[in-house]
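*Asks:* All chains should be built: construct the whole structure from the sequences, respecting the hints.
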Amino acid sequence: MLCYVTTTVAVIMYCFHQWTTIVRVTRSFTPVCKLVSYCSKECQTTHWGIHKRDCKDAIRSSNWKPAWIVEGRVPTFMNKTNMSTAEEFAQRFQEKLAIGLSLWGNIPAMDIVNLSNNEKALGTNLSLAFAASGDLRHVVTTVNALGPEYTGQVNIVLNDFAAPLVSRNIILLLILGMIPDEVVAAEIALHFWYSVFMPMEYRIRILSMVSSLLKNGGPGEPIVTALGSRSSLTCLVPVEVQQLLISSAGPMLSVDQAQVEHERVRTAPTRLDYRDRMYVGLKPSHRLAFLEFRRFGVVLPFGAVNAHFNAPNPSLFSPSGEWLQTDYADPLESWDLDKIFESGRAHGAQPEDVYGCLYFFLSDQLRTFARRIREHRISFYVFNSEACALAEDIIQGTYMAYGIPPTLRFDRIDVSNIMDPNYVGTRPVLDVWGPLLAKSDNAALTGYFMNWMAYAEKGCAVDAGVAVTRKIMEEMVKKNRVQRYLDPNTTAAIAMSNFDTFYDNSKAFSRFLKDRGLEIVERETKLKLREKHKIIPHRVRTPVDGRSDALPQFADDETWYRHTRLVNMTWTERFVEFAYAK
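Counting in UniProt numbering, the sequence shown tops out at residue 582, every number present.
Check before you lean on any hint, since a few could be wrong.
Capping the alpha-carbon separation at 25 Å, the derived lysine to aspartate or glutamate pairs in DMTMM-like fashion look like this [said to hold, decoys possible]:
1. Lys283 - Glu71
2. Lys532 - Glu573
3. Lys339 - Glu558
4. Lys65 - Asp441
5. Lys120 - Asp336
6. Lys439 - Glu240
7. Lys120 - Glu375
8. Lys507 - Asp557
9. Lys534 - Asp463
10. Lys582 - Asp487
11. Lys479 - Glu263
12. Lys65 - Glu375
13. Lys458 - Asp441
14. Lys471 - Asp556
15. Lys339 - Asp487
16. Lys96 - Glu263
17. Lys534 - Glu558
18. Lys65 - Asp336
19. Lys534 - Glu263
I should point out that these hints are in silico values taken from the structure, not numbers from a laboratory.
*Replies:* As structure tokens, this is what we get:
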């Protein structure tokens, strides 16, 4: 039986049977799962023979239960409920499938300039340093936010210690800066960035661009190339990265090898309960959407034609063919979910089709970024160095011949989370990057602490005592933030994962910084931790100009669901801004 509902909102949409743009549709047809939309009942009927297998998948059933319930056992993740935060943090690094490179990022992308709240003038020249950049999401967000009317010159230093990340960033900049058609450029970049498989023609095109780039310099030598008529790319990277550029674009592994390895990691039996813990909190159609992405690893609207995605994406695998990321890596965690759903709605995608919404959001963002590269004057300088060593090299004039003099001072320096105690630390970062910060009212060094709570007293809710957690649980129940699941233990475990959305960790964070000698570092570097932020918020989902003790905000039940169930946030992250003391 064919079941469907109709929508009467006027949109320019894609029909997921024809996979073509349908203009000015005022009535779309969707099956009960609401994962796809059709331009007509006839189109839906034609596609039903294919779609019904998905629509009736067992994971969408109201009778679906996690494996530990079906098998009558205690879930494996319950073994950690009595651990301290420090113990759990230590064990996390012993689970091989739970560690890996972060090729997509693990916090939402942020604009590190926030021009309208700081310099304001559209003609302001900017020098930006991403000292431990990770992927390009912060760069894309920052450049796009400058707007089409911006007329200044932008210099961007882009550095990361992980060679695979650096090679991928270079290729993405080549794709978005050198392919004249921004629609084509965005499509290729999107799948190179996020999809496990892509059309072979994309691979061939990428390999051609990489080969042309490497002809501009010998092994290990600096390479400079134009990105359109106004922007440029300078690669100051070692031979290892240059070799990865070839392997990331070339025929390194077969489709079968990629499928087997991807499936090995994504469906590992030892991680079954962790997957089911995520699924149990999702709406039925979201369970299917997540399962589909886990199975195939391609970012497309649900039901879109994908037979031509016939070549693996080598950049997501090591040269020996191993998956580089964790088993739970998900691009949804890299961007603002609110904007993802807004973009999906504008293109006619249903909110149930969360990866379809992501596809349209990324398409919009990457097209805009490609346009910015063509319209603005942007100079990219890409490095593969240890973050502090790069700062010292800049100060010593090592890169003066390539446009980075020792006198250069940055308007923004973003250091990601390398100030965490288990990475570089606060003092070394501020000691070497502080002198490179411009002495202006708007200049700032930004970053965040991801793992600080494992080194601090009462850094997270579960370490703050029974009285605190009891009060939080009462508040969650009062605000309908505790979803009733299949058994009390599961309900409690999932509720605990969101305790920190109700916990003010600002005092614990201040004590942590003081214990780490921040006051001494501030005196020595003449930098000061900003109490009132001007660029990024203190915590995820709080206002930029909010107080340091502000809690994450959720407008309604749906917003809460999306941000606590569709993505895996710890809610303990603390963001900081340092500026020269006045």
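*Asks:* For each hint, tell me whether it holds in the structure or not.
*Replies:* The hints, checked one at a time:
| no. | hint | result |
| --- | --- | --- |
| 1 | Lys283 - Glu71 | holds, 22 Å |
| 2 | Lys532 - Glu573 | holds, 17 Å |
| 3 | Lys339 - Glu558 | holds, 14 Å |
| 4 | Lys65 - Asp441 | violated, 56 Å |
| 5 | Lys120 - Asp336 | holds, 23 Å |
| 6 | Lys439 - Glu240 | violated, 36 Å |
| 7 | Lys120 - Glu375 | holds, 19 Å |
| 8 | Lys507 - Asp557 | violated, 28 Å |
| 9 | Lys534 - Asp463 | violated, 31 Å |
| 10 | Lys582 - Asp487 | violated, 56 Å |
| 11 | Lys479 - Glu263 | violated, 39 Å |
| 12 | Lys65 - Glu375 | violated, 52 Å |
| 13 | Lys458 - Asp441 | violated, 34 Å |
| 14 | Lys471 - Asp556 | holds, 21 Å |
| 15 | Lys339 - Asp487 | violated, 34 Å |
| 16 | Lys96 - Glu263 | holds, 15 Å |
| 17 | Lys534 - Glu558 | violated, 29 Å |
| 18 | Lys65 - Asp336 | violated, 30 Å |
| 19 | Lys534 - Glu263 | violated, 44 Å |
The structure is inconsistent with the numbered hints 4, 6, 8, 9, 10, 11, 12, 13, 15, 17, 18 and 19, although it conforms to all the rest.
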